[in-house]
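Given the sequences, and given the hints that come with them, work out the whole structure.
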Amino acid sequence: MLDLVFGRHLMYVVLVVLVSAGVLVTAGVGLRRRLARPWEYAAWAASTTAALCLTLWAKTVATGSMMCIVGKDVLEPFGVAQGWMNLALFVPVGFFGLRAVRRPVLPLVSAALLSCGIETVQAVVPAIGRYCDTSDVVANGAGAIVGAGLGFVSVRLAGGRPLSRGVRRRRVPAAAGLGFAVIACVLAATVDLRVVDHAEPARAATAEQRAVITDIVDRALGGDVRITKVSDVTPCGLDGVNETVSAELEPGGAVLMPWPDRSSVGIEVWERFASGGAPAGRRIPGAAGPVHDASAARRTADRYVAARFPGSADGARSAVDREGQGSWTTWTVAYPLHDDRLPGMNALRVTVNGSGRLLSVHLSATPPGRRPGSEGSKTGVSRGLCP
1 MLDLVFGRHL
11 MYVVLVVLVS
21 AGVLVTAGVG
31 LRRRLARPWE
41 YAAWAASTTA
51 ALCLTLWAKT
61 VATGSMMCIV
71 GKDVLEPFGV
81 AQGWMNLALF
91 VPVGFFGLRA
101 VRRPVLPLVS
111 AALLSCGIET
121 VQAVVPAIGR
131 YCDTSDVVAN
141 GAGAIVGAGL
151 GFVSVRLAGG
161 RPLSRGVRRR
171 RVPAAAGLGF
181 AVIACVLAAT
191 VDLRVVDHAE
201 PARAATAEQR
211 AVITDIVDRA
221 LGGDVRITKV
231 SDVTPCGLDG
241 VNETVSAELE
251 PGGAVLMPWP
261 DRSSVGIEVW
271 ERFASGGAPA
281 GRRIPGAAGP
291 VHDASAARRT
301 ADRYVAARFP
311 GSADGARSAV
321 DREGQGSWTT
331 WTVAYPLHDD
341 RLPGMNALRV
351 TVNGSGRLLS
361 VHLSATPPGR
371 RPGSEGSKTG
381 VSRGLCP
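Here my numbering is used: the first residue of the sequence shown is 1, the next is one more, and so on.
Keep in mind that the hints were calculated from the coordinates and are not lab data. Honestly, I wouldn't trust all of these hints.
As the list claims (entries may be wrong) - With a straight-line Cα cutoff of 20 Å, these simulated SDA-like cross-link-like pairs (lysine to any residue) come out:
hint, residue 1, residue 2
1, Lys72, Ala112
2, Lys229, Ala205
3, Lys72, Asp239
4, Lys229, Ala202
5, Lys229, Glu200
6, Lys72, Leu24
7, Lys229, Leu256
8, Lys229, Arg194
9, Lys59, Gly129
10, Lys72, Trp84
11, Lys229, Glu208
12, Lys59, Val121
13, Lys72, Lys59
14, Lys72, His292
15, Lys59, Ala112
16, Lys229, Glu250
17, Lys59, Thr120
18, Lys229, Pro260
19, Lys59, Ile128
20, Lys229, Ser246
21, Lys72, Ala204
22, Lys229, Ala254
23, Lys59, Phe78
24, Lys229, Val212
25, Lys229, Ala81
26, Lys72, Arg194
27, Lys229, Ala204
28, Lys59, Tyr131
What follows is the structure, given as structure tokens:
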């Protein structure tokens with residue numbers, strides 16, 4: 001998991017551990033004669049140092065923009081591994097903070113300020129290469145609460161007593177209010193706040209999306225193909241804007257469909273790879289021999305269409321295109337699509353390789369005046385810039 005986040009910079013993690021250990025020892029020794037619980041305070045300082053170092057380390061590529069993502073889905077960070085890692089990062093901060101001061105307010109407010117401050121720095125310093133995201137604040141806050149809860153339980157089990165309610169009662173709210181005010185002013189003055197439906201670009205597909213993908217795969221390939229993963233992808237963070245549903249297939253393949261319009265769907269099948277790295281494709285029942293010319297490609301594709309989309313098996317109106325060379329040669333046969341089960345689509349493209357095996361199936365809505373299979377009717381939604 002650390003390798004997933006830090007890539008080839010695992011030595012940096014080792015350095016953070018060493019620095020945090022140094023803070024622990026230095027603070028513990030320095031506070032030994034000043035406080036009743038010097039090592040709890042030292043551990044609090046060390047865990048805070050680790051959180052700062054791990055969240056503000058500079059990546060090799062800058063973000064290039066002073067922007068902060070504000071996600072509407074508050075629970076989203078708990079659906080991805082990164083969110084749980086952000087939560088775990090702040091558990092020690094809350095735990096040792098409560099054990100040090102024996103009150104929940106100061107460690108929790110400090111953790112909130114720390115998290116908000118980290119995200120603000122990430123937003124105003126693009127060179128760090130990390131994005132400001134409110135989902136991180138939610139996960140960090142949850143981690144601090146969990147840690148404080150564990151710290152409270154540990155203090156009670158050890159027979160410790162909390163401090164008086166009057167200790168620093170006025171200083172904490174004043175200092176916290178000032179800190180949050182500074183952060184708010186910096187964000188308002190320098191950062192572009194972008195509200196999105198989803199901060200994460202991909203998540204598990206809904207039941208409806210999975211049902212649609214399953215139905216189309218069954219029609220196009222049959223029930224022996226297993227769908228292993230279906231994801232809802234929103235690169236812009238907004239529902240319906242460049243949104244797609246993608247799926248992975250076994251023994252080999254992928255599906256892509258724009259959502260929610262469902263104007264097209266592309267199914268790629270490779271199952272295995274032949275010599276030279278070219279995809280071997282899926283066997284078409286009844287197809288005979290290799291494909292050397294357009295006529296053979298049409299006959300092979302006709303076999304597939306007759307079995308899967310019988311209403312579209314009109315060879316007289318099909319068009320054939322050839323691409324590639326050698327083992328990478330492919331033949332794409334385009335048909336008008338006639339299928340009452342897919343009323344929004346009227347173009348079918350079937351791609352086969354030189355061995356007469358199926359490589360891909362594309363279903364789409366052809367714009368008026370454009371023949372099926374021409375440019376623009378391929379599967380996929382037009383990818384414009386995010387608003």
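Starting from the hint list further up, note which numbers the structure goes against and sort them upward. 6, 8, 13, 14, 15, 23
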